[in-house]
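Participant: Chains A and B, in that order, give the protein sequences.
Its first residue numbered 2, the first sequence is counted upward by one per residue in this note's numbering.
Its first residue numbered 689, the second sequence is counted upward by one per residue in this note's numbering.
Just so you know, these hints were derived from the structure itself, not from any lab.
Keep in mind that a hint or two might mislead.
[Said to hold, decoys possible] Computed list of lysine to any residue pairs in SDA-like fashion (alpha-carbon distance at most 25 Å, straight line): (1) 134(A) x 812(B); (2) 787(B) x 59(A); (3) 787(B) x 158(A); (4) 694(B) x 317(A); (5) 787(B) x 37(A); (6) 308(A) x 748(B); (7) 134(A) x 749(B); (8) 787(B) x 39(A); (9) 787(B) x 53(A); (10) 185(A) x 719(B); (11) 185(A) x 144(A); (12) 134(A) x 748(B); (13) 51(A) x 749(B); (14) 185(A) x 781(B); (15) 51(A) x 809(B); (16) 694(B) x 748(B); (17) 51(A) x 29(A); (18) 787(B) x 47(A); (19) 787(B) x 317(A); (20) 134(A) x 717(B); (21) 51(A) x 714(B); (22) 134(A) x 792(B); (23) 134(A) x 776(B); (24) 787(B) x 144(A); (25) 787(B) x 46(A); (26) 51(A) x 35(A); (27) 787(B) x 58(A); (28) 787(B) x 54(A); (29) 175(A) x 812(B); (30) 333(A) x 36(A); (31) 308(A) x 733(B); (32) 51(A) x 792(B); (33) 787(B) x 13(A); (34) 185(A) x 787(B); (35) 134(A) x 718(B).
[To be verified] Here chain B is said to cover these stretches of chain A; the calculated rule only asks that three of the stretch's residues, wherever they fall, bring their Cβ under 8 Å from a Cβ of chain B: (36) 43 to 51; (37) 65 to 73; (38) 177 to 186; (39) 300 to 306.
All C-beta atoms in this analysis are idealised placements derived from N, C-alpha and C, irrespective of residue type, glycine included.
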Amino acid sequence: MKRTIVPFGPQHPVLPEPIHLDLVLEDEKVVEAIPSFGFVHRGMEDLASKRDFNDYLYVVERICGICSYMHGMSYCEGAERIFGVEIPDRAKYLRTIWCELSRLHSHLLWLGLLADAFGFEALFMQSWRIREKILDMVEDSTGGRLISSVNLIGGVARDMDREMLDGFVKQFDKMESELRSLTKVFLKDTTVRARLFEVGVLTKTDAILYGAVGPMMRASGIELDTRKLGYAAYGDIDFDIITSNGCDSLARCEVRIGEIFQSFNIIRQAVAKIPDGEICISVKGNPKGEATVRMEQPRGEALYYMKANGTRNLERFRVRTPTFSNIYSLLKILPGAQFADVPLLILTIDPCISCTER
Amino acid sequence: MPKFTKSPWVMHYDGSSCNGCDIEVLASMTPLYDIERLGVVNTGDPRQADILLITGGINYYNESVVRQIYSQMPEPKVVVAVGICACSGGVFRDCYNIKGGVDTTIPVDVYVPGCAARPESIIDGIVQALEVLEKKSAASAAPTEGESNA
């Protein structure tokens with residue numbers, strides 16, 4: 002059959018971010034997808050050699066606006082490992098709470114975008130309406146809606162009092178019941194199922210072979226979560242790794258919905274266990290040494306490498322972000338898919354191009 | 689705020705932003721901020737758009753894309769630079785791949801500050817853009833002196 006090449010992106014109504022794919026089609030079926038990247042490449046890793054390592058934290062937070070908090074936190078963890086300091090327990094719990102709040106808002110954002118991708122606009126609006134409540138909590142506690150800038154090397158810059166923490170937990174009950182009726186539509190509705198069920202199948206073997214991470218990997222039945230390494234206060238918190246054996250788009254949706262409810266429980270546990278005390282210790286001098294940090298972001302495992310040579314600037318800073326790992330899986334699931342499913346399949350990996358290209 | 693004769697359609701493009709402003713642009717379309725009450729509709733097609741919301745600075749790779757999108761929009765058109773990176777390059781201005789703000793490539797009418805720009809300020813920027821749009825369409829409707837002589 003004659004082949005056609007359809008360009009997809011960089012400006013596309015479905016994705017807020019620029020990604021370009023050349024889709025090779027045979028009739029309506031995708032045969033091959035050839036990606037090209039670099040539309041949001043800024044060169045941030047190089048900036049590490051020009052900025053003071055304390056100021057560079059605020060650049061790292063802007064690798065990605067969605068998981069901004071986690072990028073900042075990982076940078077601080079890396080710097081703390083180089084300095085060899087242990088942050089106060091209260092700061093660890095506060096970091097855990099903020100981490101989970103960012104996971105909540107990221108997953109709700111994804112649910113909305115997914116609904117938009119299959120043309121269910123009311124569902125998109127509903128998901129984002131609930132997400133605004135999470136953003137209000139983030140704003141109350143950090144002062145910023147997305148870019149919170151609340152991390153410091155040695156701890157956190159702001160504290161949350163008991164009243165605020167209990168207030169958050171109190172709001173969760175209502176939000177959970179709202180979310181339960183909302184997520185029922187994603188998992189049970191016939192039309193939604195028709196768009197998601199057995200679409201974009203990534204088998205367990207392929208997930209390992211192509212190095213999938215995060216919910217993408219867990220939806221293929223692999224039980225792996227970097228939070229189990231016990232960074233921040235995750236070591237003290239009891240949670241299960243949410244997996245699904247569906248391997249399709251519906252399974253990815255199911256895993257992320259499961260993680261939303263899990264995040265509420267993690268915050269509840271953290272609020273119950275949070276100790277009193279200092280939130281920050283002072284760290285002086287310039288760093289010397291190397292550190293590698295692994296962290297579970299909403300999109301999957303991110304890896305950070307930092308090398309400091311005793312000056313005010315880092316010698317090398319490198320991030321491998323989850324979307325970078327997941328793009329290989331995306332290129333695996335696209336061939337064989339229907340052309341109309343392409344935007345949906347791109348969304349199921351929860352792409353963050355800004356992270357990937359930096 | 690004057691009365692508008694038409695419902696302006698906006699289009700969003702991510703220059704090289706960190707996503708923060710992009711999701712705030714989307715958030716301003718959703719129930720809490722609801723920009724659609726001003727008659728603003730989000731479209732994905734530059735040929736139907738009156739207002740271009742552009743987030744993030746311009747880099748050497750997407751420069752041509754931004755120019756192309758701008759040239760595809762029908763006159764009169766208004767460009768809103770959303771967020772500090774779109775205004776001046778912001779925190780990334782020293783990065784080797786960043787050329788600068790959006791005004792280094794295409795003419796910008798309204799600048800929205802903030803990192804990330806809050807939905808309230810994005811709505812304010814769009815309202816200002818609506819005024820610019822009215823002026824521009826009034827100017828293009830009235831025949832210029834040269835044209836009337838010919």
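Participant: Work down the list of hints and note, for each, if the structure agrees.
Facilitator: Going down the list of hints, with the structure as the test:
1. 134(A) x 812(B): holds, 22 Å
2. 787(B) x 59(A): holds, 20 Å
3. 787(B) x 158(A): With Cα atoms ~33 Å apart, residue 787(B) and residue 158(A) exceed 25 Å; violated.
4. 694(B) x 317(A): Violated - the C-alpha atoms of residue 317(A) and residue 694(B) are around 53 Å apart, more than 25 Å.
5. 787(B) x 37(A): holds, 20 Å
6. 308(A) x 748(B): violated, 28 Å
7. 134(A) x 749(B): violated, 37 Å
8. 787(B) x 39(A): holds, 14 Å
9. 787(B) x 53(A): holds, 22 Å
10. 185(A) x 719(B): holds, 21 Å
11. 185(A) x 144(A): Not OK: residue 185(A) and residue 144(A) at ~33 Å, beyond 25 Å, violated.
12. 134(A) x 748(B): Given that 25 Å is the threshold and the Cα spacing comes to 38 Å, the pair is violated.
13. 51(A) x 749(B): holds, 22 Å
14. 185(A) x 781(B): Answer violated: residue 185(A) to residue 781(B) is near 45 Å, above 25 Å.
15. 51(A) x 809(B): violated, 31 Å
16. 694(B) x 748(B): violated, 36 Å
17. 51(A) x 29(A): Violated, at about 49 Å.
18. 787(B) x 47(A): Given pair residue 787(B), residue 47(A) holds - Cα atoms ~15 Å apart, limit 25 Å.
19. 787(B) x 317(A): holds, 23 Å
20. 134(A) x 717(B): holds, 16 Å
21. 51(A) x 714(B): Answer violated: residue 51(A) to residue 714(B) is near 33 Å, above 25 Å.
22. 134(A) x 792(B): violated, 37 Å
23. 134(A) x 776(B): violated, 31 Å
24. 787(B) x 144(A): Judged against 25 Å, a Cα distance of about 30 Å means the pair is violated.
25. 787(B) x 46(A): holds, 17 Å
26. 51(A) x 35(A): violated, 35 Å
27. 787(B) x 58(A): Holds, at about 22 Å.
28. 787(B) x 54(A): holds, 24 Å
29. 175(A) x 812(B): Roughly 32 Å between the alpha carbons, so the hint for residue 175(A) and residue 812(B) is violated.
30. 333(A) x 36(A): At roughly 12 Å apart (the allowed maximum being 25 Å), residue 36(A) and residue 333(A) satisfy the hint.
31. 308(A) x 733(B): violated, 45 Å
32. 51(A) x 792(B): holds, 23 Å
33. 787(B) x 13(A): Holds, at roughly 23 Å.
34. 185(A) x 787(B): This hinted pair is violated, its Cα atoms lying about 46 Å apart.
35. 134(A) x 718(B): Holds - the C-alpha atoms of residue 718(B) and residue 134(A) are around 13 Å apart, at most 25 Å.
36. 43 to 51: holds (count 6)
37. 65 to 73: holds (count 4)
38. 177 to 186: violated (count 0)
39. 300 to 306: The restraint on the stretch 300 to 306 of chain A is violated, since only 0 of its residues have a Cβ under 8 Å from chain B and three are required.
Violated hints for the displayed structure, listed by number in ascending order: 3, 4, 6, 7, 11, 12, 14, 15, 16, 17, 21, 22, 23, 24, 26, 29, 31, 34, 38, 39.
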